[in-house]
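Chemist: If you want the building blocks of each chain, they are given just below.
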Amino acid sequence: MSLSQYLGAKSREHKHFLLEFIYKSENRAQQNQFLHTLVLRAATYVTDCGFAGCVPTSYRATTARFSSTDAKITTNNDEPVEMDNPYKKERRQCILCKLNITPDYKNYRLLSQFQSPYTGRIYGRHITGLCKAKQDLVENEIRKAQNCAYMPYYYKDKVFLKDPKLFDPENPVRAHRF
Amino acid sequence: MPTYELALMLRAMPKPELKTTLTRISHAIFDRGGIIRNIENLGFRPMPYKTTAHGLVHREANYFVFKIDTPTKAVADLKEEYRRDVDVVRQRVFLSQEPSKNDCTLEEELLPPAYRKDVQNMIDAGKTQVNRFTYKFKYNSGLDYYPFQK
Ligand SMILES: [Zn+2]
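Quick note, the sequences are listed as chains A and B, same order.
Counting from 1, one number per residue, gives the positions in the first sequence under my numbering.
Counting from 179, one number per residue, gives the positions in the second sequence under my numbering.
Just chain B, same shape as in the assembly (with noise of 0.2 Å):
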């Protein structure tokens, strides 16, 4: 089971309301047998932008970043369970990312072009390539002179 990052925004509400609407989506979550790694609350604050979800303009939201472990057929499910919740404005889910491990490359970019390894490898690919804009007249054409000014 793949780590996904679920961002929901809930709609304003009561605390009470907040903490119902909550177990049900995790409910949602371990009924098609996924696990929930931590839950995080990101705050109630306003949007950046407005949003109409459910017949209704919301222009802030609580949000709300759950860390889940679900089976891969189960997110289509998920947040197709979660669009008809009233209670979600906005949903969204992501594979959670490893930081990666690459050493930076900025040295070799601020290089001059000719010693850039990419550019060095345009250059090649270039000269592999025909010249389709430069026409060169064929003698076989049938003609027994030079149709051109030489």
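If we strip away everything but chain A, and leave its shape as in the complex, we get (with noise of 0.2 Å):
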């Protein structure tokens, strides 16, 4: 499309009228009403052509709105980026699968940590903080390692007393039923 069409004009001399008359003009509502009627058509081509000075900041707004015809678009590097939501928390994992460790009731020291150190009893899920797989397999290793005498059933074997604590009794992760 040409400047002629954009700017509606019938002759080159109409033209050069049209365009002189929007650049040179120091009426402004005159030259603002003119471009009014035209700038929705122009705005594109008269800011490629360096007329954005003369524009008046109220129209220069619009100038932004490309054409569908636009080259500029296809080049432009400002537009979104396709990419994962950066605020998605990490998907949280239970300690042993974390650590990938499949307790065996022959590591009697690590079941030693699930059990209580004053009656022996296996802390439950809401304490643990394991997953029902986990903790399913941790109660039943533990069971094993009793009925192998590997471990004490109402006590927690004097050696391991001071062994790092996996989780807080204190602070269940559900609460307590009691």
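It is possible that part of the hints are untrue.
Capping the alpha-carbon separation at 30 Å, the derived lysine-lysine pairs in DSSO-like fashion look like this [stated by the list, open to error]: (1) A:Lys162 with B:Lys228; (2) A:Lys132 with A:Lys165; (3) A:Lys144 with B:Lys257; (4) B:Lys245 with A:Lys98; (5) B:Lys279 with A:Lys106; (6) B:Lys279 with A:Lys144.
Note that these hints are calculated values from the structure, not bench results.
As the structure is a computational prediction, the values presented were derived from the model and not from experiment.
Join the two chains into one complex using the hints; note that each chain is given alone, in its own frame.
Modeler: Here you go:
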């Protein structure tokens, strides 16, 4: 589309007249009124030709509207980028799954960490913070170890009393039922 | 032949005697067509609770774990043989298990109850049940009036 078509000029002289009118007009009100009829069609062209300086501020904002035929759209590197949600939280894992440990009845030192030092009872899932599968496995292996006389039933082996704590029984994940 | 783990507690005894006992135990497996994959010695240590076996109280024991492949039918036979062995204080047989490769489901378990799959299933099951605790009067009882206060 040529500039003449943008401006709606009938001849070459008419085009020059119109451009001069836009560029040189002293009368701001007259200029605004004229531009008002033209700017939506001619905005892109006027900006490209370096006429932006003469366009009033209220119209300059509208000059950001590119037409669909404009090649600038494809080369615009300021457009939104496809990416994953940066605020997505990391998937939580229980300590045994995170470290890829399978509880075994022979490893009674690990199992004794899931046992109360006062009563020898196995702590529940709301305290240990394990997933269902691992908690079941831990409970089964503790029962096997106790049955094999590797681990005591009613207390925790005093050698293991100072082992690091994997969880705090006073602050369970879910409330105690008592 | 499945793989079993044979956890044995042997009584406190000097080393040569222990050696002959272990040989005896192994030969019992071989005689029944089994093989031994591995023998683990977990050491001589005090038991967490005292155990009575063959009229003696044991407070310490030699801990051994045999990893064996044996026919399933031979297991009961082996256990019966070791029960008669005076050197064996306690014996347990477990099926050897492979480490599971399940993904951790902790994230789903920590969701609020309404979003948990098992809770949703429970609610769905509850909707199909008839409420047995609210009595509903049946009008075809033969009475021509409603017997209760409305
Ligand atoms: Zn887990």
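Chemist: So, for every hint listed, does it hold in this structure?
Modeler: Results of checking the hints against the structure:
1. A hinted pair counts as satisfied when its Cα atoms are at most 30 Å apart, and Lys162 of chain A with Lys228 of chain B qualifies at roughly 24 Å.
2. The hinted pair formed by Lys132 of chain A and Lys165 of chain A meets the criterion: a straight-line CA distance of about 20 Å does not exceed 30 Å.
3. Between Lys144 of chain A and Lys257 of chain B the alpha-carbon distance is near 17 Å, which keeps this suggested pair within the 30 Å criterion.
4. With a CA separation close to 28 Å, the supplied pair Lys245 of chain B and Lys98 of chain A stays within the 30 Å bound.
5. Only pairs whose Cα atoms come within 30 Å are accepted, and Lys279 of chain B paired with Lys106 of chain A is accepted, the gap being roughly 20 Å.
6. Of the supplied pair hints, the one linking Lys279 of chain B and Lys144 of chain A holds, its CA atoms being roughly 21 Å apart against a limit of 30 Å.
Going through the hint list in order, the structure satisfies each hint without exception.
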